[in-house]
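Each protein sequence line maps, in turn, to chains S and R. Residue numbers are given in the working numbering: position 283 of the first sequence equals residue 283, and the series is strictly consecutive. Residue numbers are given in the working numbering: position 241 of the second sequence equals residue 655, and the series is strictly consecutive.
Misleading hints may appear alongside valid ones.
[As the list claims (entries may be wrong)] Restraint-style ranges between C-beta atoms, simulated for each label pair:
1. 430(R) with 246(S): 46 to 54 angstroms
2. 105(S) with 599(R): 36 to 44 angstroms
3. 623(R) with 371(S): 25 to 33 angstroms
4. 401(S) with 427(R): 53 to 61 angstroms
5. 590(R) with 108(S): 38 to 46 angstroms
6. 243(S) with 454(R): 36 to 44 angstroms
7. 583(R) with 217(S): 22 to 30 angstroms
8. 599(R) with 219(S): 39 to 47 angstroms
9. 522(R) with 217(S): 51 to 59 angstroms
10. 590(R) with 309(S): 29 to 37 angstroms
[Unchecked claim] Here chain R is said to cover these stretches of chain S; the calculated rule only asks that three of the stretch's residues, wherever they fall, bring their Cβ under 8 angstroms from a Cβ of chain R:
11. 271-280
12. 290-300
[Stated by the list, open to error] Capping the alpha-carbon separation at 20 angstroms, the derived lysine to aspartate or glutamate pairs in EDC-like fashion look like this:
13. 455(R) with 385(S)
14. 623(R) with 275(S)
15. 638(R) with 249(S)
16. 455(R) with 96(S)
17. 296(S) with 537(R)
18. 455(R) with 274(S)
19. 37(S) with 96(S)
20. 623(R) with 249(S)
21. 496(R) with 485(R)
22. 410(S) with 452(R)
FYI, nobody ran anything at the bench for these hints, they're computed from the structure. Keep in mind that this is a model prediction, so the values were computed, not measured. Idealized CB from N, CA, C, for every residue including glycine.
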Amino acid sequence: MKSLVLHIILCLSLLVSSISFSQTVEVCDSCSTTTLKNAIAKANPFDTISIKKGTYKEYGIKVDKPLTIIGEDYPVIDGQLKGEVITVISDNVTIDGLFVINVGTSYTEDYAAIRVRKSKHFVIQNVVLEKLFFGIYIEKSSYGKLYHNKIIGDAKEEYNSGNGIQLWYSNHIEIEHNYVEHVRDGIYLEFSDDCLIKNNVSAENLRYGLHFMFSNNDIYQDNTFENNGAGVAVMFSKKIKMYNNIFKENWGTASYGMLLKEINDAEIIGNTFEENTIGINIEGSNRILYKHNNFKKNGWAVKVRGACYTNRFIENNFLYNSFDIAYNSKINDNVFDRNYWSNYTGYDLDKDGIGDVPYRPVKLFSYIVNRTPETIILLRSLFIDIIDFSEKVSPVFTPDNLLDHNPLTKKITW
Amino acid sequence: MFKILKYSFFDLMRSRWSYVYFAFYLLLGIVLLFLNNDLSKAVITLMNVIIVLVPLIGTIFGVMYYYNSREFTELLLAQPLKRPSIFLGQYLGVALSLSMSLVLGLGIPFIFYGLLKSNAIWDFSLLLITGAFLTFIFTALAFNIAMSNENKIKGFGYAILLWLFLAIIYDGLFLMTLIMFEDYPLDKVSLIGTMLNPIDLSRTLILLKLDISALLGYTGAVFKQFFGTSFGLIISFIMLIVWVILPVLRILYKSKRKDF
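Just chain S, same shape as in the assembly (with noise of 0.2 angstroms):
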């Protein structure tokens, strides 16, 4: 008991003093330390490091002490394009404000403009990377923070661009209100378990705005996806949240607001879609619970590919879609209940609000739109319409147990 109230007491001095003697190493063009490298070398365990505004054209530069790198204004660190920026490999760093330029292109390693290695409790906040292959790259560290970052980058090509934002077994991380652009895939995580990523604008990226591989626990909301390649795709993953996002305009033959590969134990809540070729593309997904999600506009709002299992749809808006719901097969073991679907056509005769006839979602259209694909020239045609009804009384092409027996009549608001 002594030795551990001893250890304790050791513990805390040490902290203590830590704490008291840390000091600020400035770096400018006119201080006694001039490079970054130089501060780092410099510079005790816990110190700050503070940079003034100016350009410093550095690369390779490896943090290896738990260190606080400040900039001031947004100092420029120039990669001059020959290879990583910025290396972590200590816990404990921080890094706070800084403007990284130029980052090398490789076809055989992934530079990155910040690169975090086996490290724990990191901090990168405020950063603007422009110019870059890949931007954060975390790499089997966890418990990290990333916040209030901007990623600018000008990819052409899928080949020889990077992620914005890349997780490669890390754990525990939370991503918060980041900006990505003009990257291959905007976040991306693969075997990273239990993250949270909040808030972040992910458009124009030429991949996708958000890619899961792999990752289990994990949740992402309040996040906007636009105008990516082919949207977000969340492949291979468990129980996964996706909480009040909203997918935008994603338009393109392969083009998703969201694609679910092989996702199980999920839960859809509260997003938008918005505008997209097809809102979800499910494929092999399970036990995934959609809620209040708005779709609207999608030219297919859900496009089912099979081998998907009790899959619930309750309470959300289906609102003009060129197809409601797609299936190519005519099994079906998905549940949708209390849904409002704009094309609904029945009635409401004792007025409480859920429509007396229950609605088909699939039509026999989207049916042959799958089977031959440039009919979608004839989408509402009077014909379609006709033979659109005389499949919704008699079912032959479509699964005839796919029914919402609770169709709402009003549109649904939370």
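We have chain S; now place chain R onto it with these hints.
Only chain R this time, still in chain S's reference frame:
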């Protein structure tokens, strides 16, 4: 020609049918807007009305007017007037008054609704423009039918058949062709097929605004160029104009040779 146009136009403006037609659209516009509370849905419903009803009314009205004003036409023919100007004047009178009923009938409620401030104004003007084009096309086709058939019953029969064919049967045949030849690249065929039917053509024009996100889902360079750029809009408008000019030319040709 302008005297005859003026006469036909004012004659029609005074007639009951123009008022009924105008009142119908006015009512439709009001009901759609003020009971629906949603502009997007109203525009979709309007599209259905415009591509089905406008051609039907254009055809029937055109045939009816021609047969009804036959005695007057004969009287005019006895005067020293050019034949083309008589028929062209009558045609333009009918087409103009019909399109005016349409544009005003739908336009007034939408303006009161505050359309000018909303961003749906382009969708809506496109709807009205295609509606006017359809009126001109189908009235011209109706005049052609009426001029070629002395027998009124036959004329009406052909007119209804024409509408039925272009509005419904054509799409059915089109769909069957596409499904039968699904193994072949069909994007060019389907675009050409659309161009050959004025109803499909105007539908596509409106789809360009309403369902562009779905249309871009199909892989095909031709489709992509057509729908993804303003190319599609321009070609469609040119085709609509061609669709007006061709039947009008036939009216002129026919009017020079016809015996009365």
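These are the hints, each one checked on the structure:
1. 430(R) with 246(S): 46 to 54 angstroms: holds (53 angstroms)
2. 105(S) with 599(R): 36 to 44 angstroms: Cβ of residue 105(S) to Cβ of residue 599(R): about 38 angstroms, so the range 36 to 44 angstroms holds.
3. 623(R) with 371(S): 25 to 33 angstroms: At 27 angstroms between Cβs, range holds.
4. 401(S) with 427(R): 53 to 61 angstroms: Hint holds: Cβ distance 57 angstroms, inside 53 to 61 angstroms.
5. 590(R) with 108(S): 38 to 46 angstroms: With Cβ atoms ~55 angstroms apart, the hint is violated.
6. 243(S) with 454(R): 36 to 44 angstroms: For residue 243(S) and residue 454(R) the Cβ distance comes to about 26 angstroms; the hint is violated.
7. 583(R) with 217(S): 22 to 30 angstroms: Violated - the Cβ-Cβ distance for residue 583(R) and residue 217(S), about 57 angstroms, lies outside 22 to 30 angstroms.
8. 599(R) with 219(S): 39 to 47 angstroms: Holds, at about 45 angstroms.
9. 522(R) with 217(S): 51 to 59 angstroms: holds (58 angstroms)
10. 590(R) with 309(S): 29 to 37 angstroms: This hint holds: roughly 35 angstroms between Cβ atoms.
11. 271-280: Satisfied; 4 residues make the cut.
12. 290-300: holds (count 4)
13. 455(R) with 385(S): Given pair residue 455(R), residue 385(S) holds - Cα atoms ~16 angstroms apart, limit 20 angstroms.
14. 623(R) with 275(S): Distance ~12 angstroms between residue 623(R) and residue 275(S) Cα, so the pair holds.
15. 638(R) with 249(S): Given pair residue 638(R), residue 249(S) holds - Cα atoms ~16 angstroms apart, limit 20 angstroms.
16. 455(R) with 96(S): violated (49 angstroms)
17. 296(S) with 537(R): holds (17 angstroms)
18. 455(R) with 274(S): Given pair residue 455(R), residue 274(S) holds - Cα atoms ~15 angstroms apart, limit 20 angstroms.
19. 37(S) with 96(S): holds (16 angstroms)
20. 623(R) with 249(S): holds (14 angstroms)
21. 496(R) with 485(R): Distance ~17 angstroms between residue 496(R) and residue 485(R) Cα, so the pair holds.
22. 410(S) with 452(R): holds (12 angstroms)
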